[in-house]
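Q: So the chains spell out like this:
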Amino acid sequence: MSDVAYALSMEHISKSFGPVQALKDVTFSARRGTVHALCGENGAGKSTLMKVLSGVYKEDAGRILVDGVVQEFAAPGQAIEAGISMLYQELDLAEDMTVYENVFLGREIMSSIPFKTDVQAMIDRTRALCVHYNFAIDPEALIRDLTLGQCQIVELLKALMRSATIIVMDEPTSSLSEGEAENLFKVVRALRQRGLTIIYISHRMEEVMALSDDLSILRDGEVVHSDRTSQMSVDDVVRHMVGRELKDFYPARNVALGAVCFEADGLASDEGIHDVSFTVHKGEVVGMAGLVGAGRTETARAIFGVQPLTQGSIRFKGETLRIKRPEQAIGRGIALLTEDRKRTGICTNLPCSWNMTLPNYERLGMKRLLNLSRERSLCEALGKRVRVKWSEPDAPASSLSGGNQQKVLIARWLMADTEFIIFDEPTRGIDVGAKKEIYTIINELAAAGKAQLLISSELPELFGVCDRILVMRRGTLVGDFITKETTPEQVMHIAAVEA
Amino acid sequence: KKLSSATSDNNRQVIAVIPKGTASMWWEVVHKGAAQAARELGYDIIWTGPEQESDREKQIQAVEDVMAKHVVGIVLGPNDFQALVRPVEKVKEAGIPCVIIDSAVGGSEDNYASFAATDNHAGGAAAARRIGAVLNGRGNVIITKFIQNSASTDARAAGFIETLGDEFPNMVIVDQQFTLGTPEDCRQKTADMLLRNRDKVDGLFAVNHPSSVGAFKALDGLGLTGRVKMVGFDSDKVLVEGIEAGKVEALIVQNPFEIGYQGVQLVVKAINGQSVAKRVPIPSMIADRDSIERLKREHPTALGL
Amino acid sequence: MNKFAKQLLPFCSLIFIFSLWTFLVPNEFLTVTNLTNVFSRSSVNLIMAAGMTFVIITAGIDLSVGTMMGMCGMTGALAMLRFSGAGTDQISGGGSIELTTAAMTGGVLVSVLTGAFVGGINGALITRLKLAPFIVTLGAMSIFRGSSLLMNNGKPFAVSDFTLLDTGRVAGVPVSVILLVLVLAVTGFVLKYTRFGRYTYAIGSNVDTAFHAGVNVNRVLVSIYALTGALVGLAAMITTSRASSAQPTAGLALELDIIAAVIIGGCSPGGGRGSMVGTIIGTLLIGFLRNGLTLCGISTNWQLVAIGLIIILAVTADQIATRRAA
Amino acid sequence: MNKFAKQLLPFCSLIFIFSLWTFLVPNEFLTVTNLTNVFSRSSVNLIMAAGMTFVIITAGIDLSVGTMMGMCGMTGALAMLRFSGAGTDQISGGGSIELTTAAMTGGVLVSVLTGAFVGGINGALITRLKLAPFIVTLGAMSIFRGSSLLMNNGKPFAVSDFTLLDTGRVAGVPVSVILLVLVLAVTGFVLKYTRFGRYTYAIGSNVDTAFHAGVNVNRVLVSIYALTGALVGLAAMITTSRASSAQPTAGLALELDIIAAVIIGGCSPGGGRGSMVGTIIGTLLIGFLRNGLTLCGISTNWQLVAIGLIIILAVTADQIATRRAA
Ligand SMILES: Nc1ncnc2c1ncn2[C@@H]1O[C@H](COP(=O)(O)OP(=O)(O)OP(=O)(O)O)[C@@H](O)[C@H]1O
Ligand SMILES: Nc1ncnc2c1ncn2[C@@H]1O[C@H](COP(=O)(O)OP(=O)(O)OP(=O)(O)O)[C@@H](O)[C@H]1O
Ligand SMILES: [Mg+2]
Ligand SMILES: [Mg+2]
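Residue numbers (the working numbering), protein chains in the order written: chain A, 1 to 499; chain B, 1 to 305; chain C, 1 to 326; chain D, 1 to 326.
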């Protein structure tokens, strides 16, 4: 151990992408053996700063000191050598390979035979690590077959195996359920105990406050505040991030429920859900809670026609529907904001405006021919409503930060103006300011008489926004509560405990 | 030592005839001639080969494959002078009589019984004399050639060039291009040659069927028929109509039926141990305005009709 | 701005090639005959490239277009002969048969429909069985070549009366040019200004997203491969007319030329990018390049080298421009 | 289990084809001469397919291997002639020249190095300029074909003394077979058991992940294309020896055969999946299929159709098996 207090210092870092200056003279330092949180709105530059650190981007100006020593990272390999490991915001795994192959990629254990890797040793070490940290992951499973949450854990395994001294986590909990997240926090605390430095990026204020020792806040590519976490309140943080007060985080709603809009009766599919029955009224927001793998996403997929129903029926506005493809669902007035933005949400290299209008041509009266100027003005208006930070609606989606891409997708389904909307983790990766805007939008939709199903792994969000909360466990519905008549503890208990 | 000879259902012995390429009208007429001879002599034939005349490796494989089938004789139109040397040697080692038709093959002459082909060099020479005569011994000529390294068309071009040089000292070959072998490419290359030497070209020689068709179409498209005297090699309906309309000066036509017929005749003689001539030239004919009516009556297949 | 720059580049290359030849061989290059010639010989490639543009934007590929052209040509020519009342012997004998106008029109239709049909089968295999376009069309390539060779035992069909798409004119304009302009205008419009065009891009960019956004991916893809096939059928008839005969080996290796043209024009093999204007420029670039090289007296062999270099240079320049713009 | 099933399928197809021919044409098929023949003619394809396997696993493609083979053959043969002291006139005359053993060995080396060099350039263009492998190797294809035709004005080089890789034997085993076994063993080992192999899969599966994990992506890719080139150079020498001459147009359209074999063997064009055993089976499958069809007296034209169908069937079966297993 060197006697420099700071494990990491980034000094006067600047970075531009063409005309966009993502980082402006950013300086921040992380003390050894602490958890240092980075907060900021979507597009503030958090991921960019960390990619500079991990050698993915080359900074335009500034320098990086690790343990007080100036380092140059031309490629990620060098950063890894210097003990910096990164969990990227977007999944970063080789899907055709197994867990252990991913964990050891670039750091393979060699056997006594020249050039030959030692497969068994790698499997054993991976398994040992899983056992040690209490992860239920098969080292020989293919990444392709894992859920998003499990993938996130593999990312963590990768970092742990590299015996890093600094681990960067870019929104690690965004795809984990509460239980999984708790486990992660345990790991993070254990690592801090062992003297590692963790840089932790998250939009979930509660976990940031609970976990971090220090906190730095970025706004528009600049560090606007940096302090001990204990010296700050959530409101302080939010004020620095957004530049204003955020009152009434979960705005009140006063909407009288209308007629039954959507009815699921005994749904089952080959993805492991069975006996899922519930109703959603017009103007109602129904939440859905559950652990990873509980089958919430699968329920949404079955309703939306992605995975065919093997049993059960769907009634919508009094009519029994047979939906075989999303096309039909959308045509009937059902929308699904999917949980996996990168795989099923966005067309990365296409303009944001095209992404917004993609499912909506029919509704916009562009059944065959497009009206480009109308498209543009519509997109501009909606972009403003959800506060997307873009250079123009025709900018490719890839030039937006993760959270802003999510906003584009929300705008897409607002444009669709369907009677029933399923949001699967809509606030994943979204900053607090935007979250509040989304809750406001949900309220507006409810007031307009839309029925909504909100799948979320954040209990406070469910409790803040929903009229009713459904709980799923192992592919089936195990609870249906009026929000006011239940508690988070009760929901957690039902979601986790075996019947 | 052979295990058994390949026999067909009616117990007749089998001769393999391997064309340069199966995808051509010309070789199909060779096929007819070969079939006719086989019928007369009481043999069956296998007709197999690459579809592309440029596919040497497939033809080598075809030779190997028919050897595995224990044919009693092979008639081969080699599509490459060099590449087929070793296969022909292997045929010789296996004791199977072999007759080469249409194009020559390298290596020792002892490897095969006989070589029956159009005298391509003489055909090219005849074309040169025709163009020389009609242009009165002066003017510029272009040549639309076929793919590179094809022995028969190379020999025609060589015969043409040598004869023109020897007998018509005032004539110049201003351009000559190889092609990819399709009529379309021959057409494009010819058109480009004509455009490049604008108003300077007086004569055109095309070395085989695709190049003749392509060249004719190029002339026609640019409105140069009649002004540029064209002598082609091989024939079909379009070209025959061209002769009749005075747009094509002459065509040197081979006798593919005779080549196939002679090929099988010769290989049967060799199978029976009779002596055969090493070189059997098959004469070509000149089709022009004077001879076209007669040829249409007597040799419609040779005219591709 | 960005988009503009992207199309500017291939356009500049085209201008550059054009100026180069004008400078080097002005008397030969800048003549009406020569330019008409290049356009008319590029027409076949342009028509096929229009379809390939859609295919490549969906991140697909169609390796079968070359041999499909051979097969459509043979089918169309056979139909012409049959419709004109020719018997089997007459046809396989390769003898000359008088063709009626109705028979020729019918033949063109048959060729286009054949192309659309087999293209549709390609598309169906790709979508229903979830096979890679590369491998389906590689297999189809072989099947089409075999089929067209089988149709008349490897021999061509002679249709010397079918001059409509070679020398035929309407109001002084070659029929083939009219067809070409029509095809480019319609496909260009569809790609840019219709929902179908947007779906094409979305599928190429992220097929799962397109599916979840309600795009009937299978139907769009099958339509695209069928459209490409239909255009190949049309191109086949132009080639047949130009050669006075349908050649079973027509279109040999043509797929590579077409794909190269489309990619030079700015389509990315990864899908989601490209435009019809780019494709037109890319195709003409190759056409003018070949033409000028021949006019300069460069041999076929050097031409091969030059064209290979140009292909690589064009995409390199494009890549650098894109990176700079980003 | 899953993995095992995946390789079982092409293997079963191979067994099936083998049994079919044994049943249909036992006298012709099951002879030592015939089987040896199929193996030795497949050896060229196998060697090239070994390299292509790496390329396709990285989600790349190399369309230039066919014409590269022609060029390497010409270069190697030219080197043999030069090393044997032949003058320029003698060489271009095409006369037969006595070759020394040293000259022949040198020629083989030159061919392999030429392949490695130009393959490396392909790789460098793909990695440094971030160009699509499809387009780089398409351009290279044209350049190589032009270059080999230019080398002796379209004529072949005769090297009739160079029989080593055709009939040459060591301890009774053909030298070409020894080389083949060596190549397959080494490449198979590298792919399956070494770091380099792992990186190959990782790049094909997710190039960003590989990069983030510190894999020197560019170096691995350049090595893979160079390796493929070197193997093409070796294959070129076997072909040259078999034909007693180096043909400038050798390897025509061979790339498609090779790619088809590799994909039939279970490599996915999307990258990240495949194995050397699969490639061997895929290549032999095509080899035996062709051979048997010929022995059964099926015409070349029907063979084309059959092979196209088999390609599609093979991947369909593979796809269904994969889906069932998943
Ligand atoms: N590759 C890129 N090309 C162009 N602009 C980019 C690129 N990556 C990021 N940017 C821009 O840089 C800015 C910072 O993005 P960054 O991804 O660092 O934000 P972030 O703080 O991580 O946001 P989020 O919370 O949404 O993940 C944004 O304005 C974004 O649009
Ligand atoms: N630990 C595990 N081992 C094996 N399979 C699992 C595991 N966890 C989940 N699965 C499978 O993954 C599928 C569900 O994954 P997913 O995480 O998408 O569910 P979910 O209910 O949508 O949860 P969330 O929305 O919180 O991600 C289920 O079909 C389940 O069988
Ligand atoms: Mg981010
Ligand atoms: Mg989920």
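Just so you know, these hints were derived from the structure itself, not from any lab.
Heads up, a few of these hints could be off.
Said to hold, decoys possible - Below, computed lysine to any residue pairings styled on SDA-like, alpha-carbon distance capped at 20 Å:
(1) B:Lys69 x D:Gly168
(2) C:Lys192 x A:Ala395
(3) B:Lys200 x B:Gln176
(4) C:Lys192 x C:Ser223
Q: For which of the previously enumerated hints does the structure constitute a violation, in increasing order of number?
A: 1
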